[in-house]
Amino acid sequence: MKIIILGAGQVGSTAAQQLSREQDNDVTVVDTQDDVLRELQDRLDIRTVCGNAAHPAVLEAAGGDGADLIVALTSSDEVNMVACQVAWALFRTRTKIARIRAADYQKRVELFGQGGLPIDVIISPEQLVTDYLVRLVQHPGALQVLDFADGRVRLVGMRAVQGGQLVGHQLRELREHMPQAEVRVAAIYREGQSILPEGGTVIADRDEVFFVAARDAIGAMARELRTAEAPIRRVVIAGAGNIGFRLAGALENIAQVKLIERNPARARRAAETLRRTLVLSGDAASEDLLLEENIDDADVFVAVTNAEEANILSAMLAKDLGAHRVMALVNKPSYAKLIEGGKIDVAISPQTITIGALLAHVRHGDVVRVHSLRRGAAEAFEAVVHDDARSSPVVGRRLDQIELPEGTTIGAIARGTEVLMARHDRVIEAGDHVILFLTDRRHVDAVVRLFGSTPGQH
Amino acid sequence: MNLAVVQRILGLMLLMFSLTMLLPIGVALILGDGHWYPFLLAFFAIAAVGLLLWLPARGARQDLRLRDGFLVVAVFWICLGLAGAAPLLISDVPDLSFTDAVFEAVSGFTTTGATVIIGLDELPKSILWYRQQIQWFGGMGIIVLAVALLPILGIGGMSLYKAETPGPMKDQKLTPRITQTAKALWAVYVLLTAACTLGFWLAGMSLFDAIGHAFAALSTGGYSPYDASLGHFDSAVVDAVATVFMFLGGVNFALHFSALRQPDLRLYARDTEFLAFFWLSVAIIAGMSVYLWWHGDYPSLWTALRYASFHAVSIQTTTGFTTANFAAWPGALPALLILLSFIGGCAGSTTGGMKVIRWLLVFRQGVADLKRLVHPSAEIPVKLAGRPIPQQVISGVAGFFAMYFVVFGVLMLTLMMLGLDQVTAWSAVAATINNVGPGLGDVAVTFHSVPDAAKWVGIVAMIAGRLEISALLLLLTPAFWRK
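Sequences listed follow chains A and B, in order.
For the numbering used here, count along the first sequence from 1 and bump the result up by 2.
Going by the numbering used here, the residue at position 343 of the second sequence is 340; the numbering climbs one at a time, nothing skipped.
Quick caveat, the hints were computed from the structure, so don't treat them as lab data.
One should not assume that every hint holds.
[To be verified] Restricting the straight-line Cα-Cα distance to at most 30 Å, the calculated cross-link-like pairs of lysine-lysine (DSSO-like) are: (1) A:Lys260 with A:Lys334; (2) A:Lys4 with B:Lys180; (3) A:Lys109 with A:Lys260; (4) A:Lys321 with A:Lys345; (5) B:Lys159 with A:Lys4; (6) A:Lys4 with A:Lys345.
[As the list claims (entries may be wrong)] Just the calculated beta-carbon pair ranges, DEER-fashion: (7) A:His171 with B:Gln169: 51 to 61 Å; (8) B:Thr474 with A:Asn333: 29 to 39 Å; (9) A:Glu200 with B:Gly393: 56 to 66 Å; (10) B:Arg479 with A:Asn333: 26 to 36 Å; (11) B:Leu472 with A:Gly324: 15 to 25 Å; (12) A:Gly11 with B:Val364: 31 to 41 Å; (13) B:Arg479 with A:Ala105: 43 to 53 Å; (14) B:Arg58 with A:Glu420: 36 to 46 Å; (15) B:Gln169 with A:Gly324: 52 to 62 Å; (16) B:Thr269 with A:Glu62: 13 to 23 Å.
For glycine and all other residues, C-beta sits at the position ideal for the given N, C-alpha and C.
Okay, chain B solo, but in the shape it has when bound:
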């Protein structure tokens, strides 16, 4: 463990992060809401902390080891929650407590989108912009951005990249240099965000709303500058644009990159994980639409399809935009939606959840185990797209499932002990650990009413979910700290 290097990189990244405070200042000045001072103050405060960390350690030139990478990522995400809360805390509208400010910031960065603020429509535009912006930076990963922009990270970039990007197989780089890979991913992300902005704008949103919602859609965050979320617009076209781009945000960005570079859309059709994600979405949407229509909640099959498709994609990609109160939907639908968030999107996307590829691998492993019962001596490798998957990856996935559910169970019981009812506790943990946002019961719309202690549990769950448990859990193991 090389703490000086870790400190130097943390300092550098905080310095870089402080620059993002300049954007809302710009928004405040352009829109003239006069609310620039919280960001200016936060800018100086974060830059000062970054500088204080960086200066004494600036001479540390060693390469970052894999283990240091985990430490940097975990600690930086915790710093990010605190630093990101600074402007919300400084600002007098909304008047947030420390807990609420941290919850709001972490919820943004982890692209959860669960809010504790009521009365968004009244807030200054710069604050609203800031909420959208932090999701966007958190979606592709602010550390991946640092890897793209700071070549000084060198080889350490790879270990940071590995610790922040989601998915079970991260050894495949798009390009030989990690900085190029990070740049490529961000370029695709920016491009898709621009396309989404254009789509929303053409659908009738103001430019401010279009950019803000594009940030939230591609990052699968789910914050909206309106209390009614996307329901504010009540427009089928807006819903459709959002559905498409949330879905795209749930696809592996490496796949987007390859398909755009070739350019060859058939690459999507050849990707097993994408196909599974796509057909699963189609099946869920079809089933839900028919059920909602048959049950008589919506007058026509079309309307049912509009709401079913929007919410199925919104929750599965762990975005959390809503246009209707899905928690009040009939039968198994609310629970189905929450369960769907455990699947999430593809590896290497901006979604939370456990990722389609892991479910696919576990499912295929299960099928192989069944076959082995019939043919005890058969060699049955688990394959994806015709290529066998190393046993190490599969046991890694199995371990991930076990860890995920243990953490889930512990957090849920903790919430129940803090006085939340079972449905609320269950859905609140699912909504935070899977980075969805809205849950059921008391947390169906906001987390405003839950006690402070429960919010802290949510904060832990959100960061754990964003870093796929292990990066955070690793810090708690003695083996990690042993020299």
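For reference, chain A alone in the conformation it holds in the complex:
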């Protein structure tokens, strides 16, 4: 596929990296900064074009004529929108994805409808991160919670803790513990290395376990891996920016939320709009303030200010002062690797989340949802099986007859409204949504080809 990425920022360059790694993609990156592009081109097998991403001449130089997909990720919403408009008007580019940050644009759906801006998919990182955080808060103990099949199936990453019923036991005992449950373990990571989950695999303390489960079964599975955890009651959020504000709004009806914001004007604005949240004006890294607000009682502390270093430090402080679970928003992938598993329970990387959403649209049409896991090392996705039994190598086959690349497991199958956990004797039918887990991203191509359409046909 010929892909043009506009903007070589964090998300743009990571997307370029992941997409260019797949052999079928030709990636061109456009940015205004020459040196950033040069650095990127030294590292990746892509073409770069320097210039304003919305200018027709620049888009043309980037191969706009003939591009299949344009992804606008510049720092300016307006440039992104105009670039999509230009690409459509001049080149009839088939798929146009734009990152739009300003909530004001997103509220007006009609802007992007018939006769409006020709943008097929709007990516709002803030909204994606907020949704992600809400799911994490809803499932205590989870490192990552991802929706599949419209939320009926979820993939959950969880760190096993001594005291969980399954910890120290073989995986096959899971069926005795939970005879009814719709759960399947997709992957286990021990000290950063992936282990293929088999019946005889013993779960150890501190293993990172990824499992696919129907939404209702997640709680039961959590008890298998960790000691019983009470539902979240008290949440403290640091930073009332876009994410903090939205998160508070989403959580205030299910928990008691405190929102700490340093800028008094912004704190005031948040307080005026939010209904039940307690908005505090002050520094989230101030020990006195945190103690004053009973941080030792908080179930979750989430630091989502604009400054990632401040997020890390205030989360560590909160943990030290007794917060049960702390999360920090971190932009740099290297920071995320550094801190997760230490004092900070979960590092949230907006890029990884945004890219997951992005990849789902970039992949051949039959892949409906893609999530990047473990900061891009692994990937989970939902593929729709073609309805033609003759052309598809998987329709009518039992799961154990399908030859999957190494490190790939099928987690579940969504058929109509039903969710079927993967078992070796299940037979794939046309129209099934298959949820797959890959511990090695290099096999993505092979798996997409197996389940998706033939390359070139969209």
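Given chain A's structure and the hints, the job is docking chain B onto it.
Using the frame of chain A, we list chain B on its own:
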């Protein structure tokens, strides 16, 4: 530095190179000259060395860094000189010493075209074919070919490509994928070579001669299967075909590619470097023709034009075909021709020399500096086709000039110390470092008579010139080897 990866890629490329030995074997069998065994032996020897390098390192899967790329390219070019010499050394006709065989091979690969063989007309066809073929592979670059054909090089392909292709600005890719860019360049190269073959064939050459000379013209190499070079044919039509295709070989192949793909010939007229190259050639040809005619060397202005245009293009594109003894031309003409080879063709072409674009940038920088003397506080960016050129590129070009002339001076003094006279030494270094071939004085026709030590100096100069100095010089700096 990741030596295992470097070793693996060197092994792979030697394996690939060994396959090119099959072509002269085919020629020997088709033409029945019975001279296939040197190539068969060389094929097995090179493949064995390649395999020995590749096998222990085949597991090295890391990406090639920029710095590794330079190492691969420099070392591979040295290997190429040795491996390419193998069949010449094995063969008993011509009976070459080790030095001569390496010189002949390096001269071919670097598209220099300076020969040490006298009596080409007597040699087996397969040997003659081989000499033409190595120029052709070296012209567009055997490493660029490897990048096109071996997708396993991955991102490393870019660093290899950058280290082998000439020119000051190499960040512009034709296509998003480096393998496609390399394939596109080779496709244009093959296409132009085919067109040139057809031209020579229609002009009356045998198919063997047509292909051989097309190889030498497009790669701007300059080897010919005849001692008299293209003068053997003594045909104005052959001269004209050669002139056109040598000129095309001196044009940026990326420009050829864009113009063919659109297709839109006006793209040439919009390219500043092409225009400079074109008008410079026109001016030189006009001046030389009139001078030769006025001086009375040739009976008519037409004849003067024929010889002047052929040699001006042949030497400026650093091909080195000759149809007359230009070294004996009157006045400043021989020196002018040699100086012309310092300019060379366009960046991204198969020519040697310093490239038109660098001279253009230095010239414009000079003009800007002069203007700044009058208006000390003026902002005067150096532009090409209306676009400002980053200061980094310009200082890179200035540094290149300095390096080029220092290397030139050192090599020239070395040759003089080895006993060559000044004109010979000066023109011999120019002829090798600029990848031209023929020089003046004792090296006007062949390098047969110069001492062995001087031939080795020539070998170094040819590889340094082909890799535009820096790739080779870099290996001598401590910074490159520091961990």
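**Message:** Which constraints among the numbered hints does this structure fail? Numbers only, ascending.
**Reply:** As far as the earlier hints go, 6, 11 are violated by this structure, in ascending order.
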